[in-house]
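Start from the sequences and build out the full structure, keeping to the hints where you can.
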Amino acid sequence: MPIREYHQRTRHLPDAYAAGPESLDWDAQPNPFRRYDGARLVPLPLGATDLMARPDARRWEQLWQPSVGQSSEAVVIPDLGQLGLLLELSLALSAWKQFGNAKWSLRVNPSSGNLHPTECYLLVRSMAGLEDGVYHYRPDQHALELRCPLGLEEESPEPLLYLGLSSVHWREAWKYGERAYRYCQLDVGHALAAVSFAASTLGWHQHQIRPVALADSTLASLLGLDRPQDLQQADGSMAEAEHPDCLLNLLANRHPDSASAEEAEQITAWLGQQKEWMGRANVLDPRHMYQWPVIDEVAAAARIPATSPASATTRLAAADWPAPAIASGSEARQPAARLIRQRRSAQAFDAAGGMALADFYTLLDHCLPRSDYSPWHTLPLSHGIQLMLFVHKVEGLPSGLYCLQRDTGRSLTDMQASLRAEFQWQPVESAPEHLPFYRLLAAGTRRTAMRLSCQQAIAGESAFSLAMLADCDGMEAEPWRYRHLYWQAGAIGQVLYLEAEAAGLRGTGIGCYYDDMVHNLLGLQNDQQQVLYHFTVGVPVIDHRITSWSAYGKASVEPSPPTGV
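The opening residue of the sequence shown carries number 1 in our numbering; numbering runs sequentially from there.
Worth flagging that the hints you see were computed from the coordinates, not collected in a lab.
Take the hints with a grain of salt, since some may be wrong.
[What the hints assert, rightly or not] Label-pair distances were calculated between CB atoms; the ranges are:
1) SER548 <-> LEU271: 41 to 49 Å
2) ARG287 <-> GLY38: 23 to 31 Å
3) ALA300 <-> ASP516: 22 to 30 Å
4) GLY38 <-> LEU271: 44 to 52 Å
5) SER548 <-> GLN8: 35 to 43 Å
6) THR413 <-> ALA102: 48 to 56 Å
C-beta: ideal position from N, C-alpha, C; glycine also.
Here it is in structure tokens:
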């Protein structure tokens, strides 16, 4: 199935939503935790609480200082404790929630519907405390499962550390049907950004982490995802398969271009050493009441082929922006680890609350794709998305429709020609000089934002909401660009989540919106630009009937958020 056909097919319309299940049994959701029965479990130390209590803990505002983002220090060689912290601050559980008899977990990385299709694997060599091999991360246990030990012939090889991500498409499809593939790709971007911010919090340097361009088939073999025998159950049934997504080198060379040939040899060596795989995947959902073959079709269409891996290499935007703005609020002076772990998705907003102008501009500034700062260095594509903002209540800004031109590779003239002719494109005088921020229309936006986001109140009762408009040109030649754009949208979403927390507010991603209505509002004349993700930020309304429990310990109390502006 061609990518554009899939995207058109999975549009939401006011009278015809994308194909999905007719009913849901909320007591029979897919298991959110994959495990490999029979694999050896290696517990990881928990250290986030101690880290947050340290006086030298890196604060959120420090993550945006040039001394952090552009450090020339040597690559950090992590030990087991550092690796445990990296995962605890990126992909681990952040809390348990309970309402009545219902109990569910939350994670540090956001996920559409809190369904978490993203799985994590590690490839380790020469790390103190860990046997060389391929591991699967168990967030429910904060532990690693040894899937494939590697007996290396070298006595003292250089350390290697890779982090791979995959998706269980069924976890999303159970609820969202055919549109689920979109959300799985967003969650890959959420996870990549979460890993990036965790590494920055621990003092790891951006130049040591970068994506690796691999064919999907190679990545599947590397992570052990192409082994149907590991999915087969004793009764002959099969566990849900995982689709390979991406690989990060966590100990990359300072000059990644010069390391590509050597890295290819290392990956080939890994594949040659994989012999004895251990563990059988658990069944996540014994009852697949619906089938969505279009998801497998689009996954096949968007795969990265072995014949042209060079065209999927890292393409970071030029670092032509000035140093990022530093948040000045009290929340931004918190330890970054605390802010990361307290991130939540707001369920409702106080329409009377707003956002301070300085915090708003800092948030926008941090969405610019600076290649030397988190999370852009973890993405194979960090540009190609503009932000269209519905400003409801931001101190000092008239309500209206605005645009942040975060990808300046596309000229302003070209953007103006592609969108509605009535738009004013008036530079906002109060914005920082380097920020390409324009007012398109001055008007009330609350009802429009709600209507476009499937009538959801959260889009209009916040301080602002936005739509991410992606340049989809070139997908015929490089269909995997569709995935990369969604990963970028998810990474922007994680920036917005954390910047909202740093401003004393809260954010929520919105995957349900009426595609054609948004395009009509913007005046798009063809399918070369598509809206991929909506997001909203404001003063949250907390439901205090819900009990909160710490992720891996005793009960805790959810702190009340600030009241906003």
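A quick look at each hint next to the structure:
1. Against the hinted window of 41 to 49 Å, the Cβ-Cβ separation of SER548 and LEU271 comes to about 44 Å, which satisfies the hint.
2. Checked against the hint of 23 to 31 Å, the pair ARG287 and GLY38 passes, with Cβ atoms roughly 24 Å apart.
3. Between ALA300 and ASP516 the CB atoms are about 27 Å apart, so this pair conforms to the stated range of 22 to 30 Å.
4. GLY38 and LEU271 have their C-beta atoms about 22 Å apart, which leaves the hinted 44 to 52 Å range violated.
5. For the pair SER548 and GLN8, the supplied restraint of 35 to 43 Å holds, since their beta-carbon distance comes to about 41 Å.
6. Distance hint check for THR413 and ALA102: the Cβ-Cβ separation is about 53 Å, which falls inside the suggested range of 48 to 56 Å.
The structure fails hint 4 only (numbered hints given earlier).
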